[in-house]
Amino acid sequence: MIRLLTFFSVVAIPIMITIILVHGAIKRVNLYDVFVEGATEGFKTAIRIMPYLIAIFLAIGLMRKSGAMDLLTRLMTPLLARIGIPPEVLPLALMRPISGSGALGVVQDILTYYGPDSYVGRVASTMMGSAETIFYTMAVYFGAIGVKVSRHTVPAALLAHFVAVLASVWVCKILFLSP
Amino acid sequence: MSKIWFGMIMFGMMMAVINGKTEIINEVILQDAQEAVVFAIGLTGIMAVWLGLMNIAKKSGLMNGIAILMRPLTRVLFPSVPPNHPALTGIMMNMVANMFGAGNSATALGIKAMEDLQTLNKDKKTATNAMCMFLVINMSSIQIIPLAVLKIRADAGSSAPTEIIAASIIATSISTIVGIIACKALEGRKI
Chain D
1 MIRLLTFFSV
11 VAIPIMITII
21 LVHGAIKRVN
31 LYDVFVEGAT
41 EGFKTAIRIM
51 PYLIAIFLAI
61 GLMRKSGAMD
71 LLTRLMTPLL
81 ARIGIPPEVL
91 PLALMRPISG
101 SGALGVVQDI
111 LTYYGPDSYV
121 GRVASTMMGS
131 AETIFYTMAV
141 YFGAIGVKVS
151 RHTVPAALLA
161 HFVAVLASVW
171 VCKILFLSP
Chain L
180 MSKIWFGMIM
190 FGMMMAVING
200 KTEIINEVIL
210 QDAQEAVVFA
220 IGLTGIMAVW
230 LGLMNIAKKS
240 GLMNGIAILM
250 RPLTRVLFPS
260 VPPNHPALTG
270 IMMNMVANMF
280 GAGNSATALG
290 IKAMEDLQTL
300 NKDKKTATNA
310 MCMFLVINMS
320 SIQIIPLAVL
330 KIRADAGSSA
340 PTEIIAASII
350 ATSISTIVGI
360 IACKALEGRK
370 I
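As given, the protein sequences belong to chains D and L, one line each in that order. Each residue of the first sequence is one higher than the one before, starting from 1 at the first, in my numbering. Each residue of the second sequence is one higher than the one before, starting from 180 at the first, in my numbering.
Don't read these hints as lab results, they were simulated from the structure. All C-beta atoms in this analysis are idealised placements derived from N, C-alpha and C, irrespective of residue type, glycine included. Some clues are possibly wrong.
[Unchecked claim] Label-pair distances were calculated between CB atoms; the ranges are:
no. : chain 1 : residue 1 : chain 2 : residue 2 : range
1   : D       : A25       : L       : T298      : 26 to 34 Å
2   : D       : V22       : L       : E202      : 33 to 41 Å
3   : D       : A25       : L       : K200      : 18 to 26 Å
4   : L       : G224      : D       : L175      : 20 to 28 Å
5   : D       : V22       : L       : K200      : 50 to 58 Å
6   : D       : E37       : L       : L299      : 20 to 28 Å
[Said to hold, decoys possible] Heads up, simulated EDC-like pairs for lysine to aspartate or glutamate below, C-alpha to C-alpha not over 16 Å straight-line:
no. : chain 1 : residue 1 : chain 2 : residue 2
7   : L       : K200      : L       : E214
8   : L       : K330      : L       : E342
9   : L       : K237      : L       : D295
10  : L       : K237      : D       : D70
11  : D       : K173      : D       : E88
12  : L       : K237      : D       : D33
13  : L       : K330      : D       : E41
14  : L       : K238      : D       : D109
15  : D       : K173      : D       : D117
16  : D       : K44       : L       : E294
17  : L       : K200      : D       : E37
18  : L       : K330      : D       : E37
19  : D       : K173      : L       : E342
20  : L       : K237      : D       : E88
21  : L       : K238      : D       : E88
22  : L       : K237      : L       : E294
23  : D       : K148      : L       : E342
24  : D       : K27       : L       : D295
25  : D       : K44       : L       : D295
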């Protein structure tokens with residue numbers, strides 16, 4: 001099962017490309033010219049999102065390297081520990097919505113310290129695979145099209161993230177801790 | 180976004196001063212800003228590839244076909260988007276790329292979808308319901324094989340690196356459903 005899924009992960013993108021190209025060839029689309037025409041748009045978009053990326057990287061970098069994240073984690077620990085989230089994975093739960101690569105670093109630390117097959121290690125791995133990178137995604141996607149008012153995106157996304165954190169803990173408890 | 184950003188910058192700088200690490204402020208300006216540029220340039224290539232392919236799919240009529248196929252799902256999630264709109268194809272391909280862990284391809288396709296959704300938007304500075312829904316689903320979307328996590332688990336010497344896959348899929352499914360419900364509940368009156 002796992003092997004099959006891994007196989008699909010590897011071939012998904014080539015399959016998508018094949019379908020598009022073969023379908024285009026059958027319909028007699030001028031593949032090369034049409035591709036180049038579309039690709040030109042890609043440049044404009046990538047350049048347009050650059051300032052937004054700089055803004056969000058700057059804010060995330062400051063939060064992480066100044067110790068502000070650590071302080072937030074320490075403040076939230078007693079609160080979140082009460083609802084059953086192991087304190088060891090709290091830095092991850094807080095980092096995940098802000099920075100994907102930052103969160104991966106936190107998981108790496110947790111796995112090295114507690115071991116990948118420990119309960120905490122499994123919860124951290126599950127959380128990394130299920131929770132979301134909210135602020136980066138928002139900055140890029142809304143930035144690309146110039147939307148300034150995000151309306152209910154943040155509350156809905158934060159709620160989903162919170163549920164993902166809780167669900168990771170519960171699912172791991174059921175799957176790995178039950179006798 | 181503006182308030183969150185302001186808060187993050189000010190709080191970060193304040194903590195740097197309190198912790199006696201004022202030098203990191205300059206370090207962040209130099210390093211992280213540069214990283215953002217490098218990342219955007221890196222994205223340019225993959226963005227161009229996918230927009231080129233999407234352009235072929237649009238001209239060949241494949242996009243239309245996919246949109247019709249996905250109609251039952253998209254009608255519920257994005258009722259304000261016309262059934263054969265190109266945005267729906269972008270959204271669908273973004274979901275597929277996300278599921279299979281092709282992060283940068285997903286970003287490129289997602290930005291394309293957002294641009295298409297923006298053409299339906301009356302107030303260009305404010306997000307539509309469809310945009311909010313798409314972003315929430317995108318952020319919490321199911322990744323079938325979290326390759327990065329599996330790799331660091333294997334590197335850390337796990338005896339079964341893949342045993343967390345089922346747990347991840349269950350947890351994400353729950354959070355995605357909650358996200359969708361929250362989005363629908365918070366939509367309110369304005370389109």
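Cross-check of the supplied hints:
| no. | hint | verdict |
| --- | --- | --- |
| 1 | D/A25 <-> L/T298: 26 to 34 Å | 28 Å, holds |
| 2 | D/V22 <-> L/E202: 33 to 41 Å | 56 Å, violated |
| 3 | D/A25 <-> L/K200: 18 to 26 Å | 58 Å, violated |
| 4 | L/G224 <-> D/L175: 20 to 28 Å | 40 Å, violated |
| 5 | D/V22 <-> L/K200: 50 to 58 Å | 56 Å, holds |
| 6 | D/E37 <-> L/L299: 20 to 28 Å | 23 Å, holds |
| 7 | L/K200 <-> L/E214 | 21 Å, violated |
| 8 | L/K330 <-> L/E342 | 13 Å, holds |
| 9 | L/K237 <-> L/D295 | 12 Å, holds |
| 10 | L/K237 <-> D/D70 | 48 Å, violated |
| 11 | D/K173 <-> D/E88 | 15 Å, holds |
| 12 | L/K237 <-> D/D33 | 13 Å, holds |
| 13 | L/K330 <-> D/E41 | 34 Å, violated |
| 14 | L/K238 <-> D/D109 | 48 Å, violated |
| 15 | D/K173 <-> D/D117 | 13 Å, holds |
| 16 | D/K44 <-> L/E294 | 12 Å, holds |
| 17 | L/K200 <-> D/E37 | 49 Å, violated |
| 18 | L/K330 <-> D/E37 | 38 Å, violated |
| 19 | D/K173 <-> L/E342 | 14 Å, holds |
| 20 | L/K237 <-> D/E88 | 49 Å, violated |
| 21 | L/K238 <-> D/E88 | 52 Å, violated |
| 22 | L/K237 <-> L/E294 | 15 Å, holds |
| 23 | D/K148 <-> L/E342 | 41 Å, violated |
| 24 | D/K27 <-> L/D295 | 24 Å, violated |
| 25 | D/K44 <-> L/D295 | 15 Å, holds |
Violation of the numbered hints given earlier is confined to hints 2, 3, 4, 7, 10, 13, 14, 17, 18, 20, 21, 23, 24; the remaining hints are satisfied by the structure.
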